[in-house]
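> Residues per chain, in single letters:
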Amino acid sequence: MSVVYVGMSGGVDSSLTAALLKEQGHTVVGVYMKNWTKDLPGMKCPWAEDLADAKRVAVQLGIDFKVFDFETEYKQKVVDYMIQEYRLGRTPNPDIMCNQEVKFKLFLEAALEDGADMIATGHYARVEDGQLKMAEDSTKDQTYFLYRVTKAALEKTLFPLGEHKKSDVRTMAAERGLYTATKKDSQGICFVGQIGIREFLSEYVEQTAGPIIDTQTGLTLGQHDGAIFYTLGQRHGLDIGGGLPYYVVGKDMDKNEVCVTTNLNDSQLWQTTIRLGGVHWIDSPPEPGEYHVRVRHRGTLVKATISFEDNNVRLDVTQPERAVTAGQSIVIYDGPVCLGGGIVQPL
Amino acid sequence: MYFDYAAATPLDRRVLSAMQPYFTELFYNPSAPYAPAIEVRRDYTAAKSTIAQAIGAKPDELIMTAGATESINLAFESATGHSVVTAIEHHAVLAAASRRAHTIVPVNEKGQVSPDDIRAAITDDTTIVSVALANNELGTIQPIRDIAEAVKQARTERLARGNHTPLYLHSDASQGVGQLDVSVSRLGVDLLTLNAAKMYGPKQVGLLWASSHVRLSPQIVGGGQERGLRSGTENVAGVIGFAKAIELVVTHRKHETQRLSKLRDALEARLSEAFPEAVLSGHRKHRLASHLHISFPGLDAERILFALESRGVYVATGSACAANKGTRSHVLGAIGMADEVADGSLRLTLGHLNDDASVVAAADIIIEEVRREAERVQP
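Residue numbers (the numbering used here), protein chains in the order written: chain L, 1 to 347; chain S, 1001 to 1379.
Isolated chain L (complex conformation) (with noise of 0.2 Å):
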């Protein structure tokens, strides 16, 4: 049996990890990685909360606990990194940085350090033979947001319940009795809170207004406070009220233009044709071919042929994928195993 250090953040399923790998007889000890988060007037920082649930389940399953602090590595790595994409014009996927930099590296790196032979998260998630698989639970599985962990990573990681499906993972932490188990999941990125994306970026980059711009007219529709806060594929937010909704179809970052049509059918708001950046492979590169993919966390998966172009990947899809926004991840499936991914660049 070995020392497992549990990733613990206040929610049931952490809780249920660490319950669960305790009953097979390792030596659990759980951390709280203290991340950064912006502290707003008026807000209330959840943090605080989730800690002292993460120390309350520790303490009822008897186990040691401690607070990794993180925060400055979680501010460069995570926060800058997704404030400077937004710059660029991009929608980047914090929570995918989040694995890669902080659980699946520094907390893996420091929990070796302090003693542990294995880390573990209450991800939806199995590795197997060094290979990472989806979740029982297909409805759950967040491999998606597990594709640029490294091969090393992984074979130090357990998924305990990537075995399970999430309602049985309700009912198994309220038959322990944990203090987590009817507590809600989280929602949306953990350091923007409850106040949102835009509010949070307009913190920190400076708002400017710009033409909102019809595709089909020319026409500038009215304006907005800054074509960073736009995403491709969005509907609502745009203040241009009447008649029939419009969707952004571009936006032109060096001239702060955002661009909207009505169409549905508008041939920038669906691709065939996807080249992805940043490649990362959790085992070596697979052969050019027949895949599957997933463009979005639980996303349908579709089948895509992929093909290499120089650093890049190519994808060509059968069906037209809608929105699919720079920045954004796409993760590559053999069956059940992920074999990683990359990141979409503009068109």
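The hints are simulated quantities; they were obtained by calculation from the structure and are not laboratory data.
What you are looking at is a predicted structure, and each value in this text was computed from that prediction instead of being measured.
Idealized CB from N, CA, C, for every residue including glycine.
One or more hints might be untrue.
[As the list claims (entries may be wrong)] Simulated pairs of lysine to aspartate or glutamate, DMTMM-like, Cα-Cα distance not exceeding 25 Å:
no., chain 1, residue 1, chain 2, residue 2
1, L, K66, S, E1375
2, L, K22, S, D1300
3, L, K66, S, D1300
4, L, K66, S, E1368
5, L, K22, S, E1375
6, L, K34, S, D1300
7, S, K1203, L, E49
8, L, K34, S, E1340
9, L, K66, S, E1309
10, L, K22, S, E1368
11, L, K133, L, D117
[What the hints assert, rightly or not] A few chain L residues that don't get close to chain S, going by computed Cβ distances all over 12 Å:
no., residue
12, E85
13, V127
14, K140
15, S167
16, D168
17, Q234
18, E309
19, D334
20, P336
Keeping the supplied structure of chain L fixed, place chain S upon it in accordance with the hints.
Below, chain S alone, put in the same frame as chain L:
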């Protein structure tokens, strides 16, 4: 088994009964001109008289507020010069003081401030000195009368030098009413804060008493209620409840203080017998009968709190606010407690619902859980 009366007290049933009609049939706005409203106004005024009587004050010297924090803010915003506070004041006082020039006076290891130190901290620009009657974490009672004397001396000296800047002594007595005599003239203060929520009354109901010579600056303006010093339709039910609550605690003060003191001492004896290495804090003599502050060096009090919680025993690890912010208690720092002792600190505060049986049962559970935790740390 609840041992956190310093954080909140359950509403006394008699208080609830007194309040109830004012939510429903006696809902009238006390400023309205028709008979039933006038009756409500009379009841409100009578309630204020009851409260005033309990602290030896005149009814029109009371400004009803939405709790102690508001009262403290009103006091500080009415005396905007330099302020003098102790290092163990409640966050509300420290935050209000920190808005302007202020001096923080240290306390000794028992949590008492020296009147001489207060005197020395008063400058020509000082307008307010604020010292809580009893500390919420340790229960230590301050020598308020002596402090009042020191403030008075400073005032006299300043006047002799032609300095007419007002100088007020404010005391937050929220923690002490159930056990101490808080007549304003006996304490010698100019401003006094009270909070109904700490005496089996409703939350968000408090008052600031201001001696007639004090000039207050209203922070909430509007319809001119509370003599223009705190606008907003009167919280009639709340103030009725406050009056009932203070009437009850004052009536039963002597008996309840003796009862709590016995229970607290029994709890303290059991715990210190089981853990001779435990550190007891707060003044041995000048301490609220409800308070027990005990530290288990090297242990993590928060773990003990969670373990006790799962067994239905509710305690505090310091002041509730400090614990929530994940920082060490400034009070324990101020009495010179080492971090490893502070981190193992529990605050147990007793009240109405505690009795011999609950104290014995709780002591057994606490002993068990502290032992378990000690064994985990050092098997």
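> Does L/D168 really sit off the interface, with its C-beta more than 12 Å from all C-beta atoms of chain S?
24 Å, holds
> L/K22 and S/E1368: Cα distance at most 25 Å?
23 Å, holds
> May I ask you to check that L/Q234 keeps its beta-carbon over 12 Å from the closest beta-carbon of chain S?
Fine: 37 Å to the nearest Cβ keeps L/Q234 off the interface.
> For the pair we were handed, L/K34 and S/E1340, check the Cα-Cα distance against 25 Å.
At roughly 21 Å apart (the allowed maximum being 25 Å), S/E1340 and L/K34 satisfy the hint.
> Are the Cα positions of L/K34 and S/D1300 separated by 25 Å at most?
18 Å, holds
> Is the claim that L/D334 lies outside the interface with chain S correct, judged by CB distances over 12 Å?
45 Å, holds
> Evaluate the condition: distance from the CB of L/E309 to the nearest CB of chain S exceeds 12 Å.
Correct as stated: the minimum Cβ-Cβ distance to chain S is 50 Å, above 12 Å.
> Below or equal to 25 Å on CA atoms is what counts here, so check L/K22 against S/E1375.
Holds, at roughly 18 Å.
> L/E85 clear of chain S by more than 12 Å, beta carbon to beta carbon?
31 Å, holds
> Given the hinted pair S/K1203 and L/E49, is their Cα-Cα distance within 25 Å?
Distance ~23 Å between S/K1203 and L/E49 Cα, so the pair holds.
> Please check whether the beta-carbon of L/K140 is more than 12 Å away from every beta-carbon in chain S.
Label holds. Min Cβ-Cβ 28 Å, cutoff 12 Å.
> For the pair supplied as a hint, L/K133 and L/D117, is the alpha-carbon distance within the 25 Å limit?
22 Å, holds
No hint from the list above goes unmet by this structure.
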